[in-house]
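Q: So the chains spell out like this:
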Amino acid sequence: MEKVERTAISKTKTKKAHKHMTIQRKEELQGFVFLTPWIIGFLFITAGPLLFSLYASFTNYDVTSQMEFIGFENYIKMFTQDSLFWTSLYNTLYYVAFSVPLTTAGAVLLAVLLNQGVPGMRFYRTIFYLPAVLSGVGVYLLWMQLLAPSTGLINTLLAFVGIQGPAWLFDPQWTKPALIFMKLWSLGGGMLLYLASLQGVPKTLYEAAEIDGANAFHRFRHITLPMITPVIFFDLVTSLIGGFQVFQEAYVMTESGNGGPANSLVFFNLHMWNNAFESFDMGYAMGMSWVLFVIILILTLINIKLAPRWVHYEGEDK
Amino acid sequence: MSTFADKRSSYFQSVKVRKRIMQIVVTTILILGSLLILSPVWWMLATSLKSMREIMQFPPTFIPEDFHFQNYVETWKSAPFTRYTLNTLFITACCVIGSVFSNSFVAYGFAKVKFRFKNVLFALVLATMMIPGFVTMIPQYIVFSKLGWLNTYLPLIVPSLFGSAFFIFLLRQFFLTIPNELIEAAKIDGANHFYIWWKIAVPLAKPAIATVAIFSFNGAWNDFLGPLLYVNDESLYSLQIGLQVFKGEISTQWNYLMAGSLMVLLPVIVLFFIFQRYFIEGMNITSGSKG
Amino acid sequence: MKKQSLKLFLVLVLMLSTVLTACSGSESASSETPKEAEGKVVVDFWTFWGSETRRPIIEKIIDDFNKSQEEIYVKHTYLPWGDIWTKELAAVAAGNPPDVVINDINTVKHRATKEQAENLSEYITDENFKDKFFPELWNTVLYEGDPYAVPFNTDTRVLFYNKDMFKEAGLDPNQPPETWEEVEQYAEKLTVKNGDRYERIGFYPLWNVGADLWMLNADGEAYLNKDNEVVIDGKANVEALKWINSFTEKYGRDTVNRFKAEFGNQQAHPFLAGKIAMFTDVATFYTQIRDYGGDMNVGVAKLPAREEGSGHTSWGGGFVAEVPKGSDTPEEAVEFIKYLTGKEAQKYWAVKNFDNVANIAGAEAAAKELEGLDKKVYELAVENMDNTVLTPIPLAAPEYLNTVNPIVEEVLLGTKSPEEALAEAQKKVEELVKQN
Chain A
331 MEKVERTAIS KTKTKKAHKH MTIQRKEELQ GFVFLTPWII GFLFITAGPL
381 LFSLYASFTN YDVTSQMEFI GFENYIKMFT QDSLFWTSLY NTLYYVAFSV
431 PLTTAGAVLL AVLLNQGVPG MRFYRTIFYL PAVLSGVGVY LLWMQLLAPS
481 TGLINTLLAF VGIQGPAWLF DPQWTKPALI FMKLWSLGGG MLLYLASLQG
531 VPKTLYEAAE IDGANAFHRF RHITLPMITP VIFFDLVTSL IGGFQVFQEA
581 YVMTESGNGG PANSLVFFNL HMWNNAFESF DMGYAMGMSW VLFVIILILT
631 LINIKLAPRW VHYEGEDK
Chain B
267 MSTFADKRSS YFQSVKVRKR IMQIVVTTIL ILGSLLILSP VWWMLATSLK
317 SMREIMQFPP TFIPEDFHFQ NYVETWKSAP FTRYTLNTLF ITACCVIGSV
367 FSNSFVAYGF AKVKFRFKNV LFALVLATMM IPGFVTMIPQ YIVFSKLGWL
417 NTYLPLIVPS LFGSAFFIFL LRQFFLTIPN ELIEAAKIDG ANHFYIWWKI
467 AVPLAKPAIA TVAIFSFNGA WNDFLGPLLY VNDESLYSLQ IGLQVFKGEI
517 STQWNYLMAG SLMVLLPVIV LFFIFQRYFI EGMNITSGSK G
Chain C
31 MKKQSLKLFL VLVLMLSTVL TACSGSESAS SETPKEAEGK VVVDFWTFWG
81 SETRRPIIEK IIDDFNKSQE EIYVKHTYLP WGDIWTKELA AVAAGNPPDV
131 VINDINTVKH RATKEQAENL SEYITDENFK DKFFPELWNT VLYEGDPYAV
181 PFNTDTRVLF YNKDMFKEAG LDPNQPPETW EEVEQYAEKL TVKNGDRYER
231 IGFYPLWNVG ADLWMLNADG EAYLNKDNEV VIDGKANVEA LKWINSFTEK
281 YGRDTVNRFK AEFGNQQAHP FLAGKIAMFT DVATFYTQIR DYGGDMNVGV
331 AKLPAREEGS GHTSWGGGFV AEVPKGSDTP EEAVEFIKYL TGKEAQKYWA
381 VKNFDNVANI AGAEAAAKEL EGLDKKVYEL AVENMDNTVL TPIPLAAPEY
431 LNTVNPIVEE VLLGTKSPEE ALAEAQKKVE ELVKQN
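Protein chains in written order, with our numbering: chain A, 331 to 648; chain B, 267 to 557; chain C, 31 to 466.
Just so you know, the hints here were simulated from the structure itself, not pulled from any lab data.
These numbers come from a predicted model, not from an experiment.
Cβ atoms here follow ideal geometry from the backbone N, Cα and C, with glycine treated the same way.
Don't take every hint at face value.
Taking CB as the label site, the calculated pair distances span [said to hold, decoys possible]:
hint : chain 1 : residue 1 : chain 2 : residue 2 : range
1    : A       : Ala544    : B       : Val339    : 55 to 61 Å
2    : A       : Val582    : B       : Thr294    : 30 to 36 Å
3    : A       : Arg551    : B       : Arg543    : 25 to 31 Å
4    : B       : Gly299    : C       : Glu208    : 52 to 58 Å
5    : B       : Val339    : C       : Asn204    : 40 to 46 Å
6    : A       : Phe453    : C       : Asp358    : 54 to 60 Å
Not everything, but these chain A residues come out facing chain B in the computed CB check (under 10 Å) [stated by the list, open to error]:
hint : residue
7    : Phe364
8    : Leu440
9    : Val624
10   : Glu644
Go ahead and model the full structure; you've got the sequences and the hints to work with.
A: Structural data, given as C-alpha cells:
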C-alpha cells in the first residue's frame, strides 16, 4: 500500500503525457469487460420482462385469456376515470415526502452515534440493526399492537409525557404518519451504509479540527457530512425509489388489504397490486407501473442534476 | 489520542473531561434507544413462549404465565426445518458470494474506468430499479420456465452473478471516493484495471463490501417470493416458506410463528455480529493519500 | 490476514452447504417419484393445508385414493395461504400448472372467464353429480351453465354467545336473540361499564364481519341481487347501516376503535378474553373456543332476523377443487376431485377438522358421528346452509367492492349519512358496470 502511495505522489504529474490512443482504447475495452456481467444479466433476464410490460401496458392483457392492442386506453382510464389512481398517487407522494428525508437524517445521526468510542458498541450496533433484519408480516402485525390507540406501547409512552396519542391506524389523518413512524424504527439498514462510509473519514481530520477548537457540531458539519455525501446521495436516490414502491405495510395493516380508513393507505403499488392480481387487469397495472417509472425517473434525474452542488467525491478529478 | 492526553496542559484535561461526559451521554442515549428497539423483540420472545390460550387473552401479558420452552421443539418438528435450513444456507451462500464479486466488479467499471456511454448505461442500471417487481414477475417466471430452470435454485442464484442495480450503485459510490492518483499510479506501475480492482479497490472498500455481503445475506435469507415461485418440490423449500405453515386461513399459531421467526433470525444476527469487524477496522483511504 | 479469514469463512460456508445440498438433492430426486407412482399418471395437487392439524388429514385422504388406484398417483404439494394463487397464476401463464388446486369459491366464475380454469362439464357426465352438493355452492361454480370447479368446503356465519354472561345478566342461556331488536335489548343487559370505560361490550355487529353481512341479513341481498343488478341503495341496506351505527353511537367511537385496535392484530380475541358477550363468526370458529377458551360456556345460534319473518340470512364462502387451464391430465384430475368431494373423504375431513363440507351426505354423516356440543354446533351449521347466501363477484365489475367499501366506511366513520352514501355508491357502481 504505502509503496503505491509514494509512487502516486511522484508520478501523477507525468500521467497526462503518457496517454496515447492505444491506452485509451485499452481502457475502453476494459470498461466493457467490467460491465459484461451486468449487460448479460440485463439482456437475458431483465430486459425481456421490462419490454414486455411496456408493450402489455397498451393491451388489455389479463395474463391468461387476452392480449389485444388497445392503444392508450389504459392510460386514459388512469388519468380520467380512476379516482383511486389519484388518491393512491397523493398518498404515495405524502409518504415519500416525509419518510425519505426523515429516515435519511435519522440514519445519519444514528450512524454517527454508533461510531463513537463507547464500550459495548458491537452490541448496540447489532441491536439497532435488528429491525432491518426483522421483516415481513409478523412485524407489521406486531406494530398494529404497538399502535393500538389506548393500550399500545406508543400511546402509553406518549401519555407518560402528557400527550394524548391519536388513534393512528383508525384515524385517516394519522394512518400515514403511523407508517412513517414505523419506518423510522427500522433505520438499521441505512445506518449500516453510513457506518461503512464513516470508516472512510480520516481520524486525522478530526484530530486536527479538535486542536483548532472546533466543537462537535462543527466537526460533524464540516468534516463528517461532506465526507459521507456520496452515500447520502445513494440513500436519497434508492429510498426515493423504495418509498414510491411502499406496499406490504399497507397490504397487511389494513383490513383485507383494502387501504385503510377512507382510502388513506391506498398506495400506488397497492392499487396496482389489486388491479393485477384481484381483477387480473394486468395491462392496466403495467401501465400504472410505467407511469410510476416516469415519475421516479424525473425525480431521480433532478436528484442527479443537483448532486454536483453538494455531493463531494474525494477521488474526483478536480 | 493518548498522545494528546499525555500532555498535561489544562486544555487537554478539559478535553478529556468533555470526552467523558460525551461518552456518558452517548451511552445513555444508546441504552434508551436499545430498549425502545428491543421492546417489540421482547414481545416476540414472550409470545413464542406462551400457550395459544394465553395469547388469546386480553390484556396481553408482557411476561408469559408459564414458559413453554417446548414450543421451540414443536416448531422445529412442524416442518422439515433442518432440511429447509440447509437449503436456505446453500442459496444464501451462493447469492452472497455471487453478489460480492459481480457487484464490486461492475461497480468498479462504472466508478473508475473511462469508456463511452458510461452515463447512459449507468442510467439504465438505475432505471431497472424503478419498475415495481410484481409487474415483471410473471414474464420473468415465463422466461425462467422457458430456460427449463423451474424447480431448481438457478433463478434464485444466477441473477446474483450478474449484479443488481442497488449494489452496483452502492459500491460505485464507495469506489468513487478512492483517489484517482492512486489508480493512475498503479497503472503507471503496469497494473491493469482488473488487478487494481482486486488488489486495491476491493480491499479499500472493505466496509462497503461487508455491507453488501450483509445486505445480500439478509435479502437471500429472507426471500420468500423467489423460492415460492420457482421451487415446486417441497424438499427444496426454504425457511421462509416453512414459516408459513403456521399461518392458516382461519387462525395463526402465533407462538410457533414467533418461535420460528426468532430461530430463523438468529444466524443473521450472529453473522452481523461477526462481520462488524470490517466496520471497525475499515481503512482510512483518504488519510493515507492526504497525510 | 483478515481478508484471508473472510474468504476462508465464505468458502467454508459454501463448501459445507454444497455438500449438504448435494446429499439432500439426491434424496429429493428419489422423493419426487416414489415407487407407487411408477407407471401411473401423476396428478399434481396444490393446497394451502400445511399445518400440523390439516396436513395429516388431507394426506390420509390422498393416500386412501392412491391405494385404491391402479392408474393415478396424486402428489400433494403445500403452498402458503394467499401466495398459492399468485404462483398458480404464473404457472398457468407459463403453461405448466398443477392439475388440481384448491381455490376460493366466490371467484370461480371470474377465473372461468379469464380462462384460468378448465371447463369440467366434459368430465362430469353424471347428471346427478350436482345433487350431492348444497345448491347454493354448486350454483356458484357454474359459468354459462358449465361447472369450472367442484365445491369442497364452505363456511357460514353464526352467532356465538357466552352462556355464563347470559345467566349473570338474567337472560335465559337457551334463548338467544331472534331479532335485531332483541339483540339490542340483550346487548344492553350484557354490557358492563365501569365509570367511563367499558369492561365488556354486549354485542358489536362489525367484529370480524363487514357491514354487508347485515345488509344481506336484512333482506337477503346486499349490493347485488341474484340477477346481478345493483341494489346498493335498497331500504334494508340503509336500515342495516343505521342499526350498525346505533351500536357505535351507544358505545362511542373511541370505544369501538379501541376494540378494533386491541383485537385487530388477530392475537387476543375479545370473545375468548371475555370482553364481548355475543359476536358473529364462521361456525368453525367453535374449535378455537373449544381448544383455547378454557371452560367457557358457549352457545351458538342462527343470525338474528331484521324483524320477525324477514329471515335469518347468513353469508358464506368456501373453497373448491379446480383444474387449472393447461393441465395435461384433466381427466385423471377430475377423477381425483370426485373422490375428494365424495361422501367418505368429505365426512373424514369434516369430522377431523370440524369443517363445513360441501357434500350434503358427507356433512350429514359427519354430524351423526360427532358427539356432545361438537355435534350440536355442527348440526346447526349444516342447517344454517339453507339460510346461507354466497356473493360471487360480478363479472361486470369484479372490483366493485373497492368502490363501495370506502363509501360505506364513511358512514361508519360518521362523515356521511347512510342514505347519501348508499345513493352515491349505487351511482358509482352503476357507472362501473356500464363501463365494462
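Q: Evaluate each hint against the coordinates.
A: A quick look at each hint next to the structure:
| no. | hint | verdict |
| --- | --- | --- |
| 1 | A:Ala544 x B:Val339: 55 to 61 Å | holds, 58 Å |
| 2 | A:Val582 x B:Thr294: 30 to 36 Å | holds, 35 Å |
| 3 | A:Arg551 x B:Arg543: 25 to 31 Å | holds, 30 Å |
| 4 | B:Gly299 x C:Glu208: 52 to 58 Å | holds, 57 Å |
| 5 | B:Val339 x C:Asn204: 40 to 46 Å | holds, 44 Å |
| 6 | A:Phe453 x C:Asp358: 54 to 60 Å | holds, 57 Å |
| 7 | Phe364 | holds, 3 Å |
| 8 | Leu440 | holds, 8 Å |
| 9 | Val624 | holds, 9 Å |
| 10 | Glu644 | holds, 4 Å |
Comparing the model with each numbered hint stated earlier shows that all of them hold.
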